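> Sequence:
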Amino acid sequence: MVIARLQSKDGDIFIIDVDVAKRSNTLKLAIEMSKIDLDDDVIPIENITSNVLKPIIDWLTYHKDDEPSEPIKILKAKPYYISNWDKEFLKMDLKLLYEIMNAAHFLDIKDLVDLGCKHIANIIKISSHEELTEIFEFEATPILLTELEQIENM
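With the UniProt record's numbering, letter number 87 in the sequence shown gets 87, and the count goes up by one each step, no holes.
Mixed in with the good hints there might be a few duds.
The calculated SDA-like cross-link candidates involving lysine to any residue, where the alpha carbons are at most 25 Å apart (straight line), are [claimed, not checked]:
| no. | residue 1 | residue 2 |
| --- | --- | --- |
| 1 | K87 | D37 |
| 2 | K125 | D111 |
| 3 | K64 | V42 |
| 4 | K110 | V52 |
| 5 | K87 | Y62 |
| 6 | K54 | H119 |
Think of the hints as simulated: they come from the structure by calculation, not from any bench.
Predicted, not measured: the structure shown is a model, and the values here were computed from it.
All chains should be built: construct the whole structure from the sequences, respecting the hints.
This is the structure in structure tokens:
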């Protein structure tokens, strides 16, 4: 097994199988296009902290043998299927999920970004507008309430 060493913004180093790292298109390019000596060098991930990078590595490791998924069909009426492992993975506060989704976008891990979007879509689909204002911590203005009621009635 060939390994890569990823260094987070806060200096922590994570050892990861190169094949797992290559599920990220950004890391794949960094590994294949640069002169990084995988035996000695670290790959700096300067804008992602350890508390965000660790769950991303866990997700990549779990899904290392998965085939890339089909693009999301945004207008599907039914809730999206999320595996039991991913449901457990997603049991985090929304602030951390948002940071993971941003980092996954930067690292070009499409399936993880899609998973986060599916999860947020499911939350929105099953929540009332009162619950959404609490979950997403925004003020419920009369215009917003009207728009949310229209969405609920679709």
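> Going back to the hint list, which numbers does this structure go against?
1
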